[in-house]
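The lines below spell out each chain.
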Amino acid sequence: MTEKITKNLALELYRKMVLCRKFEEKVAELVNKNEIYGTTHEYVGEEAVAVGVCSALRNNDLITSTHRGHGHIISKGGDIRYMFAELLGRVNGCNKGKGGSMHIADPGIGILGANGIVGAGVPIAVGAALTIKIKKMDNVVISFFGDGASNQGVVHEAMNMASIWNLPVIFVCENNQYAVSTSVKYSLKIENISERSKAYGFEGKTIDGMDVLEVYNNTKEIVNKVRSENKPFLLECKTYRYSGHFTAEKILNLNYRTEDEINYYKSKCPILSFSTKILNDGICTKKELDDIDNLVINQIDEAVDFARKSKSPEPSDALKDMYATEYTGIPQKGWI
Amino acid sequence: MRNIYYLKAVSEALFNEMEINPDVVVIGEDVRYSLRGITKGFIDIFGPDRVIDTPISEAGLTGVGTGAALSGLRPVLEFQICEFIFFAFDQLVDQAQKLRYMSGGKLKAPVTYLIASSGARGGMAGQHSDNPYPYLLHSGMKTVMPSTPYDAKGLLVSAIRDDDPVAVFLPVNSLGTKGDVPEEQYTIPLGKGEIKKEGKDITVVSTGHLVKIALETAEELESSGISVEVYDPRTLLPLDRELLFKSVKKTGRVIVFDDSNRTCGFAAEVSAIISEECFTYLKSPVRRITRADVPIPFNAQMESFVLPDKEKLIKVILKNF
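Each protein sequence line maps, in turn, to chains C and D. Count along the first sequence from 1, add 1189, and you get the number used in my numbering. Count along the second sequence from 1, add 744, and you get the number used in my numbering.
Wrong hints could be hidden among the right ones.
[Said to hold, decoys possible] Incomplete in silico selection of chain C near chain D, CB under 10 Å:
hint: 1; residue: 1194
hint: 2; residue: 1198
hint: 3; residue: 1284
hint: 4; residue: 1350
[Unchecked claim] Ranges between beta-carbon positions, derived for each pair:
hint: 5; chain 1: D; residue 1: 1007; chain 2: C; residue 2: 1445; range: 38 to 44 Å
hint: 6; chain 1: C; residue 1: 1370; chain 2: D; residue 2: 1008; range: 52 to 58 Å
hint: 7; chain 1: C; residue 1: 1451; chain 2: D; residue 2: 1021; range: 57 to 63 Å
hint: 8; chain 1: D; residue 1: 1007; chain 2: C; residue 2: 1441; range: 51 to 57 Å
hint: 9; chain 1: C; residue 1: 1223; chain 2: D; residue 2: 1007; range: 37 to 43 Å
hint: 10; chain 1: C; residue 1: 1370; chain 2: D; residue 2: 1063; range: 56 to 62 Å
hint: 11; chain 1: C; residue 1: 1500; chain 2: D; residue 2: 869; range: 53 to 59 Å
hint: 12; chain 1: C; residue 1: 1223; chain 2: D; residue 2: 791; range: 37 to 43 Å
hint: 13; chain 1: C; residue 1: 1342; chain 2: D; residue 2: 791; range: 29 to 35 Å
hint: 14; chain 1: D; residue 1: 1039; chain 2: C; residue 2: 1508; range: 47 to 53 Å
hint: 15; chain 1: D; residue 1: 924; chain 2: C; residue 2: 1506; range: 22 to 28 Å
It is worth saying that the hints were derived from the structure and are not from the lab. Every residue gets a Cβ at the ideal spot worked out from N, C-alpha and C, and that includes glycine.
Isolated chain D (complex conformation) (with noise of 0.2 Å):
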């Protein structure tokens, strides 16, 4: 096992993809030089036939990647930056997403959205700085995002594999940290969370690179005696509520710490979803901690103002005792 960078764990799971299936193929801007990373070296290995640079044409490559996985390739779609998706939004969520059901099941679109970076990744305002996935899952678009490399290997994996279309978030705040992951090509399946650390007196559902912070929080508040339990669904949709439920009815409070907007967000459907299955077991109200419902301002201190972060949660977590 070795100690690496999560974006170089996205990379590695891409290209042992690309190798094993020639159907594979990556479309996006700027992926021959790779601005990302992921792609690096890529077309040396796979020429210009699968790692395949467009246009600056989101609404139009997001359609090509479904007509490609609709007549037989399994095309790996990178967006730079996560607002790019606004622009293909009918493509992804009205096209890509609906037509298998539309056709009666006839259809059949195996394509991955890599948005390449997702989040507030400080002094880009408002239009580089979103994680726009709620609007993806309200449209029952399958959608992971890991919060570690091996997660984000495993999960890229199991996304490309995937008959349907998947969106794979990758939080701008976890690309460059480490973690051990396998050199072997492994799979971590679609609607699996993983309990991140064992606690008993409250449960904190974190996402992407709030994972991160919800361990340390864990961890030092250890030393006041309150035991915090992290519980990171990997896969938004599907939700793995059984691990989700099993935790909430163990420790009988909830947090839910995700950085998406709070209207309507990712929060929004995990509390209303533990206060329809474990109301009995609640002994105080389900909270949320998400991003406030503005753009990301560009002035740091107003930036860091709206963001959840480990103050916060450490804010709320002590209102809760």
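Just chain C, same shape as in the assembly (with noise of 0.2 Å):
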């Protein structure tokens, strides 16, 4: 892994890490504010995961998300003015105002959903890399999941059937540590979840998740031999949420993290880490990060400004695109 980064890739990386935070940040204002409706799960704290991975990929690659999905909607691509629209619950937000924060969706870019359910992605994701074999492509599918998703039992299912059946899907954990206010010290008797893969017969490692550059370096090399090999791969990333399971947890006063365990990972921040390292091996300047902070900075303004002109979608719109071929007489109203 000592493969010598360019400029361009750095700043690209820094540039997506930086925007991921800075529109979580913006969110949780938005969310507190009660401009945005609902809860959001932020993403802070584990960018490095989503923009290591995402950047090693290509367009016609595909994921499936999580619940803390915005920074993987963002790194591969995703605009962040129909992000911002959608979670203002606008009529050309991703998905027209009707999945909100948990459900972004585009197929575009390869984006086959985020997901409220736990676990519930990553046979998705088998299935899509079941369609990449049959259809003879070569492009990959990533499985974005988390610690707390590994115990579900449909992730054993999924896994142990992309094995027997030889699918191009990366599995990616996103180890934070907890699922919601459970450590997985309690929930786990393994030190490692990659150590799983041995037991569906394909490879596994486990890597540091705050380090962009491991983590975008790992998966080049894995994306490579599963296109190649037509083998699974389970890719564990120890990161860590500077935030609460939701935006508004702090209310609820849990405690399951003390202060310096929060601080410790924040002493470890992606962001600030990997641009302390670009600026001391003189890849770039500061005053280049600076213009890049300044650049996303504006570019969230634009793009909060963009949703909050947005239309809003009319109510009965809430009665469309409930199916793809229409029926008279479906769906129904609630009334007469």
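The task is to assemble the complex, starting from two chains supplied on their own in separate frames and drawing on the hints.
Rendered as structure tokens:
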């Protein structure tokens, strides 16, 4: 993993991570002001995983995402204007205001949907990989899931099927160490979730998910391997979320993590450590990074502005988009 | 026109679709050797890439079907036993059925669930005898339950060609029945019911294998001077309301004869619709004959006690006169 990083790549990884971070900070602000309806699950702290993985993909590679999915969508090329519009429930949101934070889908750029049900996207990713195999295409599927999802039965079923059918899917476990309030120290008897890959008959690896370069380089190598060998792979990225499980968790006062622990991981911030590294290595200048920060902040302000100016759907649009092949009489309204 | 078994009609519909469209694949447990007989011999023609045996992983294989459908295939998933859908509930109603809507119409999941033997076949007790379609209807999933070989072939083709998830319940008690079926491929549109027998005194809304029983009953009661109309919705969702209302308005009396559970079952929904839309035409209350709200018991006498049958139908019809 000593491949020399080019300036373009370094700046792009940095830009995407900052975009993920600033996006989430803005989202939290809008949730707290009740401008975003409901709540969201912020990706703050985990940016290196989504950015590292998705930067190593082609446009036509597919992903399934999770409830904590904004970072995945942004990293795969999602347009934050339509993401903000979705979060504000507007008609030109990614999902026309019908999905909200946990369900952003954009098949045009390979996003088969984020998912509000933990683990549910994993067999869907395997199904997409089955299509790739049957249609003899050469793209791959990434299935993001968390340490919590690793204990869902359907994830086990999906990994086993991917293995016996030799499918081009990479299971990316974002182990942020907590399933809501439950620590992996409680829910797992093994140190690394990647060890489970052995039981299915394919390879696995655990890496530092706070290091974007490590994630990027590993993913590059694994994607090539999976593409050429048509075998699944389980890549576990150890990471940490700085926020609660969801935006307003603080008020619940759950205290399942110590301040010391949170501060420790904040000191390993993926953005700060990466910028320090590329500055120290002389790959870029402080000014170049500052310029990116400013660009991102402007981009976010413009996107929020775009979303705010977007139209709300008609309430009766609630009865649209249910079926691809339509029939009169369905869906039914709940009244006459 | 040939006289063939229901099961053969189903098999033929699927086989022909696989020949016509290379995106159609069949995924399920024991589909290579074909425990149910629907896909017998398919492996030799279409190979293991399109006749895909899965491990015992009902939730997982349902998710695989969704992912395959989202990305360009048109999978047909076989569930050997209707209760297997319970394993897959999240993947059916929370994933496949919701993804299109929740994506604002961006995603499309053209997947068919072939529930290869639904209902009580006798002696299989509580976990192999359900008719669980109300659960899926509740979620808005398109659902068909053909009662004849002819309907089975035409409806399955429509289900496969439909761009949404469609559940196809094959009543276990119909699989061994025979009927006339054309050799060529044809479709019966979803949402089109059929009056299987015209009558003027009472409408029996009947589904699945109970259609045959309703027809036999109608014939028997003819001599007693009761003229029974037999309406078979064929598709449970979307329901052919127009044809139903026409029949009810003509006869003014309705019995809903359905082999799913009573509470919030299909019969409950049909009864509610009729009372909302045809109230002033009714000469007597809508009656339901359903299975009892208990797991199907093993003992044969208890089993027939809880299931809808001809005897119960005749009794309720006579009571309404």
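Hint-by-hint comparison with the structure:
1. Hint status for residue 1194 of chain C relative to chain D: violated, with the closest Cβ pair at about 33 Å, above 10 Å.
2. For residue 1198 of chain C, the interface hint is violated, the least distance from its beta-carbon to any beta-carbon of chain D being 29 Å, above 10 Å.
3. Annotation: interface hint on residue 1284 of chain C holds; nearest CB of chain D at approximately 4 Å, less than 10 Å.
4. Hint status for residue 1350 of chain C relative to chain D: holds, with the closest Cβ pair at about 6 Å, below 10 Å.
5. At about 41 Å, the CB distance of residue 1007 of chain D to residue 1445 of chain C agrees with the hint of 38 to 44 Å.
6. Against the hinted window of 52 to 58 Å, the Cβ-Cβ separation of residue 1370 of chain C and residue 1008 of chain D comes to about 35 Å, which falls outside the hint.
7. Checked against the given bound of 57 to 63 Å, the beta carbons of residue 1451 of chain C and residue 1021 of chain D, roughly 60 Å apart, stay inside it.
8. For residue 1007 of chain D and residue 1441 of chain C, the Cβ-Cβ distance of about 37 Å falls outside the hinted range of 51 to 57 Å, so the restraint is violated.
9. Taking 37 to 43 Å as the suggested C-beta distance range, the pair residue 1223 of chain C and residue 1007 of chain D conforms, at roughly 40 Å.
10. Between residue 1370 of chain C and residue 1063 of chain D, the C-beta spacing of about 59 Å keeps the proposed range 56 to 62 Å intact.
11. Restraint check, residue 1500 of chain C to residue 869 of chain D: a C-beta distance of roughly 56 Å satisfies the suggested window 53 to 59 Å.
12. For the pair residue 1223 of chain C and residue 791 of chain D, the beta carbons lie near 56 Å from each other, so the given range of 37 to 43 Å is not met.
13. About 30 Å separates the C-beta atoms of residue 1342 of chain C and residue 791 of chain D, a value consistent with the hinted range of 29 to 35 Å.
14. At about 37 Å, the CB distance of residue 1039 of chain D to residue 1508 of chain C disagrees with the hint of 47 to 53 Å.
15. Checked against the given bound of 22 to 28 Å, the beta carbons of residue 924 of chain D and residue 1506 of chain C, roughly 45 Å apart, lie outside it.
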